[in-house]
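Colleague: Sequence:
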Amino acid sequence: MADNVVVVLCGLLASGKSTLAGKLKVERSEAIHVVDYDAINRRLLGEKDTSKNEFDPEIWRQSRQLALEAMKTILGRAGKSIVIMDDNHFLRSMRKRVSKAAWEAGAGVCCVFVACPIEVCLRRNFDRSSGRVPSGVITSMFEVMEVPERGNGQAEGQVGWERKIPVVHVESSDEDSFSEIDHAIDLARQQVIPDFQDCEPEPVTVVEQCETKMRRVVSSVVSNAVGRRKSEIARSLSKVKSEFMSKVKGDPTMAEEIVNEFIRVAGELS
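Quick note on numbering: the sequence shown equals residues 1 to 270 in the working numbering.
Careful, some of the hints might be misleading.
Unchecked claim - For lysine-lysine, the following DSBU-like pairs were computed, each having C-alpha atoms within a straight-line distance of at most 30 Å:
#, residue 1, residue 2
1, K164, K100
2, K247, K48
3, K48, K241
4, K164, K23
5, K25, K164
6, K96, K25
7, K80, K96
8, K230, K164
9, K241, K96
10, K249, K239
11, K80, K25
12, K247, K230
13, K23, K72
14, K72, K25
15, K100, K249
16, K96, K247
17, K48, K80
18, K249, K96
19, K96, K23
Just so you know, the hints here were simulated from the structure itself, not pulled from any lab data.
Given these sequences and hints, build the entire structure.
Modeller: The structure is reproduced here in structure tokens:
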């Protein structure tokens, strides 16, 4: 049985993840720590004297590594802790990296998907006074979002390695949602820490996965364009996609970072 549990949040930008994490920290008596990826990213951008709304791939990669290190530091302390990893985690590989690090630290893991209609996310993003991103970034992320299947961490109805962790879907920050999350945390504590294997077979190669994701992003952005911009954007994205796919083929281990960067670039062009 694990004393500590890592809660992996996932969902679209502006879906309410940070609000949920904040309320959980305030309303629960246990020691709850929130690792806010965006806050780390903003701090690093500030140290580099870069606009906090600007996307910097190197800073993005560094902030994710620092988030994992912060998680491990908290888990290394005495006493029971719950660590909430506050990020979109829109790719299964992103959630896999966090889960593996948590298991290596002896913690249980559960996942909370914050289900929010894309229209609501777009409206919230538009209404933000700061931290707003181009709407195309959200629509592109929606196209490639790998939603974790609900389950109790015992293989029923779940996909791949995620069948090893409890997964819940919540739509709001109310008491019913908190009860579901509490149950997932309890399940994560009770389960034996799995012997995680990186060599689990994948149905398709990383390069093929990236190709499919980028095509879907291109299709979404182009279909939302109007008039002459449609053909201009199509040509631009085709060129950018080729460049990014060359990066993936050159170093498949950087796939998730490259896909995320492509989504940001495509969103800026939309």
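Colleague: Are the hints correct? Go through all of them and say.
Modeller: To see whether the hints hold, each was checked on the structure:
1. K164 x K100: It holds: about 11 Å lies between the C-alpha atoms, which stays within 30 Å.
2. K247 x K48: holds, 25 Å
3. K48 x K241: holds, 28 Å
4. K164 x K23: The given pair, whose Cα atoms are some 27 Å apart, holds under the 30 Å limit.
5. K25 x K164: holds, 25 Å
6. K96 x K25: It holds: about 24 Å lies between the C-alpha atoms, which stays within 30 Å.
7. K80 x K96: holds, 23 Å
8. K230 x K164: The given pair, whose Cα atoms are some 43 Å apart, is violated under the 30 Å limit.
9. K241 x K96: Given pair K241, K96 holds - Cα atoms ~25 Å apart, limit 30 Å.
10. K249 x K239: Holds, at roughly 16 Å.
11. K80 x K25: holds, 14 Å
12. K247 x K230: holds, 26 Å
13. K23 x K72: holds, 23 Å
14. K72 x K25: holds, 19 Å
15. K100 x K249: holds, 24 Å
16. K96 x K247: holds, 22 Å
17. K48 x K80: violated, 36 Å
18. K249 x K96: holds, 21 Å
19. K96 x K23: holds, 25 Å
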